[in-house]
Amino acid sequence: MRLLVTGSSIRGLPVVTIHGGEDVAEVRDLIYNPEAGHVAGLTLNKRGFLAGRLREVLPAANIHAIGSHAVMVEDEGSLTARDAAPAEVGAPPSGRDVTGNEVLTDQGKSLGKVKDVVVLVGSAGEVVGYEIETASGGTGYIPLPSQLAVSGSALVVPDPTQDFVESDLVGLGAAVDEFRSRLGMT
Amino acid sequence: MSERFAAVEGRRMVSRTSAEELGALTHLVADVGQRKVTSLVMGKGRKAVLIDWDQVSGFGPDAVMIADESALHEPRDDHESEAADGKLELVGKRVLSDMGEDLGEVTDVVFDPASGALETVVIGEQEVPATSLLGAGSYAVVVKAPG
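Protein chains in written order, with our numbering: chain A, 1 to 186; chain B, 1 to 147.
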């Protein structure tokens, strides 16, 4: 059983220092690396209502944990100036937004369209699945292998994925490990 | 005998040299890194004054004895101003684990009145040893994730 959150529920979370107990920023958006299946980093807003964008970003290497209620960092120094951050965070390549991409199995079956990423709670941004809009217009959740082919308009997932389309995050949390063991991942 | 933050609030503070009652304890200020009470706050708002822990000559069940009236001082820096304002008060503060999970609110803190050492943090029904404390600030108290 894994605890999972969608990308949209990470947006707006406070960024809190472990040793200071201060909310130093809040999450503006996720910078996602679809090939790696990992959040590369987070863009940030200042804390407070309509406080605006923060110049610093938070590279995944400086994230202690993404939780259900906060993103934890060591201290204020974990926030990094855009030009000092790794390129994939400071100046992310375009065409990486997977939202709207069609999900195709490697046997050519369409499972739906990507709505959001699903992140493992307590990790530094490991993406273990996607929230999808199924062909019938409903919402489903699919697990992901650690790496997959992404074209910018579609992504290809292993055929067994179609047996693991879950109707909620709890179901996906329970299915992730079984899915990965089925694919021979450990 | 351990004491609790919530139970010592309002306890009278008396000067050991003059035997004068100086006022009532508003709340305790702790350094979570050192796991220790660092100062006592008396009064509220702009009238709040602090007493450093090493000026406490005896933290007793009926009164807190202060070495001398001269130990009372106004906030000396931003940190002490925040402390005097009650922004760093542990009781009532949100508790986050280092995994980013909300564990509730600090309901009480158990400490040793002889040394000022923090012993246990009470979070509703849960009790967490002070050794699990990682940090505390105006937003949250951070503890090591259970398990």
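These aren't lab readings, by the way, just hints derived from the structure by calculation. Misleading hints may appear alongside valid ones.
Claimed, not checked - Facing chain B, according to a computed beta carbon distance under 7 Å, are these residues of chain A, among others:
(1) Gly12
(2) Val16
(3) Ala61
(4) Ala65
(5) Gly67
Please read all numbers here as calculations on a predicted model, not as lab measurements. Every residue gets a Cβ at the ideal spot worked out from N, C-alpha and C, and that includes glycine.
Consistency of the hints with the structure:
no.: 1; hint: Gly12; result: violated, 13 Å
no.: 2; hint: Val16; result: holds, 6 Å
no.: 3; hint: Ala61; result: violated, 17 Å
no.: 4; hint: Ala65; result: holds, 5 Å
no.: 5; hint: Gly67; result: holds, 2 Å
Hints 1, 3 from the list above are not met by this structure, while the remaining hints are.
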